[in-house]
Structure formats: C-alpha cells, structure tokens
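Just so you know, the protein sequences line up as chains A and B, in that order.
If you read the first sequence in our numbering, its first letter stands for residue -17, the second for the next number, and so on.
If you read the second sequence in our numbering, its first letter stands for residue -17, the second for the next number, and so on.
None of these hints come from the bench; they were simulated from the model.
No incorrect hints appear here.
Pairs count within a copy or across copies, as identical chains cannot be separated in the list.
Pairs of lysine to any residue residues, derived as SDA-like cross-links and limited to a Cα-Cα distance of at most 20 Å, are as follows:
{"id": "1", "residue 1": "Lys245", "residue 2": "Val281"}
{"id": "2", "residue 1": "Lys283", "residue 2": "Thr17"}
{"id": "3", "residue 1": "Lys245", "residue 2": "Gly279"}
{"id": "4", "residue 1": "Lys249", "residue 2": "Glu292"}
{"id": "5", "residue 1": "Lys283", "residue 2": "Leu239"}
{"id": "6", "residue 1": "Lys245", "residue 2": "Trp202"}
{"id": "7", "residue 1": "Lys20", "residue 2": "Asp282"}
2 protein chains.
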Amino acid sequence: MMEQQHQVDRVLNGDVRAAARLIRDIDDGIPAAKTVLKALYPHTGKAYVIGISGFPGVGKSTLVDQMIQQFRAEGKRLGVLAVDPTSPFSGGAMLGDRVRMQRHGTDPEVFIRSLATRGHFGGVTRSTQSIIDVLDAMGKEIILVETVGVGQDEVDIVTTAHTTIITVIPGMGDDIQAIKAGILEVADIFVINKADREGVERTRNDLNAMLEMNDSNGTWLPPIVETEAVRNRGISELLSQVENHKAFLFGGDRKCLRERLRKRAWKDLTDTIKETVTTEIIDRLQALPSFDAMIDGLVDKQTDPFTLCEDLLEEFYAGKEKDGVPVAGQKDR
Amino acid sequence: MMEQQHQVDRVLNGDVRAAARLIRDIDDGIPAAKTVLKALYPHTGKAYVIGISGFPGVGKSTLVDQMIQQFRAEGKRLGVLAVDPTSPFSGGAMLGDRVRMQRHGTDPEVFIRSLATRGHFGGVTRSTQSIIDVLDAMGKEIILVETVGVGQDEVDIVTTAHTTIITVIPGMGDDIQAIKAGILEVADIFVINKADREGVERTRNDLNAMLEMNDSNGTWLPPIVETEAVRNRGISELLSQVENHKAFLFGGDRKCLRERLRKRAWKDLTDTIKETVTTEIIDRLQALPSFDAMIDGLVDKQTDPFTLCEDLLEEFYAGKEKDGVPVAGQKDR
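The whole structure should be built from the sequences, with the hints applied where relevant.
Right, here's the structure in full:
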C-alpha cells in the first residue's frame, strides 16, 4: 500500500517509468494496479481525448505521427495510445515504419504506449480507459487514441473520446457503406487521407450523402477534411477542426459534453462490472474438479451451454450466500 | 412451449422460414430463442464448419461465393454466415456486389444469413455460435463463416471452426505482420487471393518465414494456396486442402479434433455465462432510482468505477441471497 501510494505520487508527477510500469500492470491484469487506478481517478478528466479510427491501410499511424508533430510545435504535452495490432506504434509493423514513428521517442513530452492485450475477459475497452486515465493523471494535455475501425470493442473505444476522427481513403467504395453501418453516428470529423488519389470527389459526395440522411445530430455537422499525411498536407486544417469541435463541446450549456462524459462513465462502469464478475465466475469454474467432465458433457451433447450456465450460476450465487466460502460444484447443499 | 416445440421440429426438418425466424430472434436477443436452442443442441455437431477471415478488401466474399458454387456442384447442403459489416452478404456493400452474391439466393440448399448485431453484451461470438448451431441442426453439411480478421471477437469466432482459412493479398506488407500477431497461430490454411497481382512471391515468403518460426504446431503445417477468386482460379485446390485438413482432424486418434471441439465448448459456455450475468446485473443497475446520480458521481469524480463496482456487486449478491427479491440500491440493509 505504501509502495502503491508512492507509485500514485510518481505518476501524478509525470514520472514516465512509474506510468510505464502501471500501464504494463494494467495490460497484464495485475490486481494491484486497481488500487493505484482508484487513487488516480480523482485526478483524471483534464486531458482532451482524440480518437482516430479507420480500416487498416488508410494511413492512421502517419496521420497520428503528423498530429503529434504539430501538437508538439504548439508546446502541448502528449499521450498516445495505439489499440491496433496493425499500428507501427504497437510494434505490429515493419522495422522501417517503426523507426520512422520513433522520431518522437526521445521527446520527454510525448509518451507513446500500445495496448497488447488480446483476450482478457471484457478487457480491451476497460484497459484502454484505464491507460487513458493514467496518461491523463500524469499531466498529458492531449491524448491520441488510435484504433482500427472494425470490431465492436474498437468502435466502443473511439465513441468515448472528446473528438472522434474517422479516416477513410478515396476508392474505398464498399467500405464507406460499412462505416455507415457502424461508425457514422459517432464521427465528429471525417478525414479523407491519401487525398492525392483518384476518387476524392466521389468519396466526399458519399460522405455528404450519408451525413444528409443522418439528421438526428442537428447540432454538430461533422466536417470533411482532406489530408495527405505523408506530405503533412491538411494536418493544420484537421487540428483547427478539432479545435472547432472542442469549442462546440465546451461552449454554451455544455450539454453535449456532459452527455459524452456520462456515456463514457457508464461504459467504464459496465466494463468494470463485466470484467470483475466474469473473471470471478470463470476462475471459480476452471478450478472445479468437475471442470473437464463439464466440457466433455458439452462436446458429447449430454447437456447444453444454457442449461449448464443456469446450474453453474445458481451454485455460484449460493456460494456467495455462504459469505465467500466457495461451494460451487456441490449440488447437494 | 408447444409453439417452441413446433419450431424445433420445423428447424430439424430444414424448414427455412422457421430457421430464419429463430436466427432473427437470436440476433434480437429474444429470450424464447434460448428454449429452442436448448432443444436443438443435441442435434448439432454434424456440420463441418469452415471459417474464412481476412482484412476488408482481400476479397473474402468473392472467395466465399466461389466456394459455395463448388460445394454446390458436389451436391453439398450449405449454410453461410457473414459476421462482417463490410460483407456483401450482410448487406453492407454496394448494390452490384449484393446482386452478384445473390445468385445462390434461389437455391434452396444454400441458406445465407448475416449477423447484424453490434453491441449486445458479450453477444457477437455467443450469437454466432448459436446461429451456427441452427444451420447445423437444420441439416447443413458445410457451414461457411465469414469474418473480418480484426478485433478480438472476430478472431475468436474463426478459432472455433473446424478449418480456419486466413486470406491475404499480395503487397499487404505491414498487415501480414499484424496477422502474425493475432491470427497466425489459428490459421489452418492460408489463401493469397488476387494472386495475379505483383508481390505474390514476397507474400508467400513472408508467410513461410512466419510458419517456420512458429514450430509449436508440429502436426499440421498450414498450406498456402494462391487464388484469383474473381476468375475462379485456385478454388479447387483450396477445397482439396480443406479436405486434407479434415482428413487430418478426423484421422488417427482425433486428439486435435477433440481439443478443438473442447475449446469451442469452453468458449461457448463462458460466452453464455458472461452474457447472462452481465445482462442481469446491468439491467438491474439501470433500473435503480440512484442510477443517474451514480453516473454523475463518476463524471464528477466523487467515486471511481472500481469502488462503485465493488459496492454494486456486494448489493447484487445480497439481493440474490434474498432469493430473487431485488434489494440492490439499498445500502442500509
């Protein structure tokens, strides 16, 4: 506990090594990390979180790289979190790319992390939010979160940002339709990257057509920004649109901002509950002497997962009743 | 219950309308569907499930379309499930594509469904398995499951197939590395689609290099098949490799097969538990009079999600203790 208080203090002072260790603990699911996160929580909520999402190949990482460069030119302290196995930031890419991205690696005001977790129960979005909280608590003013725009978890992550940027490229055709299905309603800004390619006009028209259909969000009309990230073109306009969206959120009665923060808090809470309960139940389940027989029973169709689940939960709750004495596995209580 | 027994019988007789209704109910999360699924479960496990995964743009749907064609030529009864918002099968694509795919729409032995669900708690993989079970119970011999290969849920889905096909295209570069991170260990067959494009050799070398590093799986070496799905080239070879893999699984002591079925059963059970528990707890949570105040407390940093979660779960279990009387929300018990 003493040690944990020490870690809390160090993170709050912006200590990179303490923050890095905490993030590693979160990623590994170390229980002690929770105590530190609890203590950090009151110190969060100051950073401005920008989500950048898009399919593999649209150039998100280059875009993020240029955004870092520009925010640094403005003197901002930056946190970057890549939740994308294809991101060079997460070590998923070829060496050349990785080296290029590491031009910010020696800048003490840029703290770049990636989320390696794949498969902790209910863990991806929960871990992401915890890491954002760490970056926030350590004093980063801007936090960039890069996710690949496919998969429910990945969509959930960007929806809780202050500003969500959806990146597309010309000629995506079908994929634009997919964005429509899953992501359109959460986009605050659209970026058409690789805007030197053929088909920019059509992509812009497609996006506009979708935006016109979607009249539910009457207050903020997502702008469409053309960029060529590799040539640093359009990045200034993108950042000024982020600024516009920020002004919109923080202007007036701040109802939209409050709604967004409430949505994030709700997601945060349900993720925590989901992870806590399922981890507890499933740990207990795997420790049952009857575990192997249960799985065999399913494979051999002697029972079905729904009936088995009902039985197991009944026993689990009965175990809870006995105040922490694990009785699961004994039907005859 | 009578009506549900009737639906069970109709699905077992291969009735398309009954199956379609059940799948819709599963997708919508209708509780009555569970009763039907329980009754169908003993009749499942006969179909051969093939997972086809890959990033958007690699041509998965065209590949699936050609595989359907070929399996039909062999007289096989087919089920197809698209768990991919970008798939033409799931209506995510342009009209032209959708029409082309519907050439099998009038064939009574091909039953094509898509999973529209995005966001039911823990629902995507659980719903997918349930729909596979429906297709299986209605007598389909081969079930093709198409998923986009990004996101934990999407990866989980293909890992439970009998044969998992990972599709790439030449020139993917970085993305191949991403596959390495997430999917390599689950691939039974690699397809290099659009094999008329430049860079096939390099892609093949990249895959081979990865396979050589991954010596943990000594028993089955995933073959690499080149295809041009739009020209129907390589599909026969792909199907004969599927046949080889099937022979491998069903030959000898069937240890690999059993392990795969056990893994699927375990995933099935944990998904069911996860969904059941979290739905129950979160429904109860949302019904609390103190719900709004709780969320505000989080936004205003008066509490943190971990502490709140501990309190809520304590109350939830206490409520369970009183045998179904919901007491959650009353701290002073």
